[in-house]
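Participant: Please construct the entire structure, taking both the sequences and the accompanying hints into account.
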Amino acid sequence: MADDGIYINRPRPEEYSVLYKPEPSPSNPVLRGLPLSIAATIISNSPFLQRFLWSNAGFNKLRDHPELHGIEPRYDPTVIKSTRTVTPPPSLEECISSLSAEDWTSKQPPKQTYWSTLDYHEAYKTGRLTPTKVVETLLPLIRRDVEGAEHSVSFLSTKVELVRKAAEESTARYAAGKWRGVLDGVPMAVKDEEDLAGYPKSLGSRLDYSSADPNATSFCLQQWLDAGAICIGKTTMHELGMDTTNCNPNFGTPRNPHNREYYCGGSSGGSAYAVAAGLVPFAMGNDGGGSVRIPASYCGVYGLKTSHGRVSIRPTANLAKSNGVAGPIAANMIDLELAYRIMAHPDPLDDSSALFSPPTPVSLPSHGDNKKKALGIFRPWFSRADTPVQALCNAALDHLTSVANYSIIDIEIPMVHEGQLAHAMTILAEIATGVPHSQLSSLTAPNKVLLSIGKTTPAVDFLQAQRLRHLLMQHLIHLFATYPGMIVVTPTTPNAGWKVQEADLRYGCSDGNMSIRNMEYVWLANFTGAPAISVPVGNADGGVPVGLMGMSEWGDEEGLIGFGYEVERYLHQTDGGRARPGNFVDAIWGEAVG
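Following the working numbering, the numbering of the sequence shown begins with 3 at its first residue and continues without gaps.
Where hints are given, some of them may not hold.
Estimated spans, in silico, between C-beta atoms of each pair [what the hints assert, rightly or not]: (1) E138 <-> D388: 37 to 47 angstroms; (2) D588 <-> P91: 21 to 31 angstroms; (3) G150 <-> P28: 37 to 47 angstroms.
Calculated cross-link-like contacts (lysine-lysine; reagent style DSSO-like; alpha-carbon spacing at most 27 angstroms) [unchecked claim]: (4) K167 <-> K109; (5) K127 <-> K113; (6) K167 <-> K135.
Just so you know, the hints here were simulated from the structure itself, not pulled from any lab data.
Glycine is no exception: its CB is placed at the ideal position from the N, C-alpha and C atoms.
Facilitator: Structure representation (structure tokens):
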């Protein structure tokens, strides 16, 4: 492991060699439509059925594993990397002022497919465009109270007065030549998992999860607002973040902008839709089991799952306490880096965030650099992806090794299938304990089933899951110590999209087999607290995008961002480059395309 920082809460490195065993396809019952609604009511009131389904899901498979004997449980995966000296970190104002547009122009995408934050900023500075004009273009498209608003299903709520007020203030700053920085006046959106002053919070449910303080705003979101960005509304999400389609019978389900027969992915699907459709260059998501990276992959945009504890969401309550983090979803890598640099500003009132070093600038990788960069692949795991997904990911990796001076290293990761079960068991139990039993009847049918099952988790099995978490963290630390700066690469998902079943839109769907398949790779970063990025590498048949995922050591988001810029270069050089979806909104020129 690199020694250019101080690590806090880092377990000792330990290599574990466990024979890889392919996992057979799961055999959970698939329920949808009215039968699901009826079954959910029965299951939520039957302890016997709950225990049966818990065992049928395979959660009892963690018992009697000799590899876990003698390993202490690890309940919190936070590992803090800090290069902080005794001097205080720079203020947010200093960080904002340091992000001058001139320093970022070389990072613009090679071809202009999606407008970036810099494009908005330059248009505002020249006076050709104003933040007020931008929001007046967007509001009729996203408001639920406007008939025919094409993109309103991706937004839960928009406070028109607040949006217009923020735009007017930004417009005035530009007119006076006193803009705050490159984010000033740029539209963005936030998943309904975060607190935002003046907005309710439901977590995509019919329940009220708003903070007791109506003026509360999550710290990371407040950083964007203080930088002048304009939140145009709260985006839809899978109810309670409990699956990866973003199918939401409560408020409607946004369709994938690239192919309406497919889901956007979830649970941050509304945010990914808003970015992919051109409504905003960046948005906030939350990721407890791939909920930033899966929709980013399905929608053909960029998503960053941050190191556990690095980004402060205070005072927002995190239902997925030891797995969930906030992270940006963006149209381009430059937008992802800018959004991350601001939202990850250390929070002095958050015990973890306060100890992390402030994010540092990422230099655009040079192809003339002779320093080899390592990409780690666990081939038996990687090869479980569908053939079209593997083909697109391997083409990108071939480019990185032939042009960008990366090398492939074969690695092993122990107990990946058992680890996925351990993660699923843990996050289910965490979320279930945060929802009183009296509220189950108000949830959608799939969540009645999931939370009822999650509440039955025995303590001994939960402890086994945390022992496996510790084992995996120790092994990853061994890998990063052996290959400093290595990025572990997999497809983001093993499948190219998840098709919409029309019958699911009313009641939802309980398809644990597909959910497990969909989360084959993403869970590891959540369970171990490591950062991970999803970058688009092309489109499969049907036009649904495919993502490549990289995971790095704790606190090395900058390394992942550099990797993302390399893949972005590649994507724009391929035949056909990067395509806009048919319903793309050109907010710069004020018109819808397609």
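Participant: Give me the numbers of the hints this structure contradicts, sorted from smallest to largest.
Facilitator: As far as the earlier hints go, 2, 4 are violated by this structure, in ascending order.
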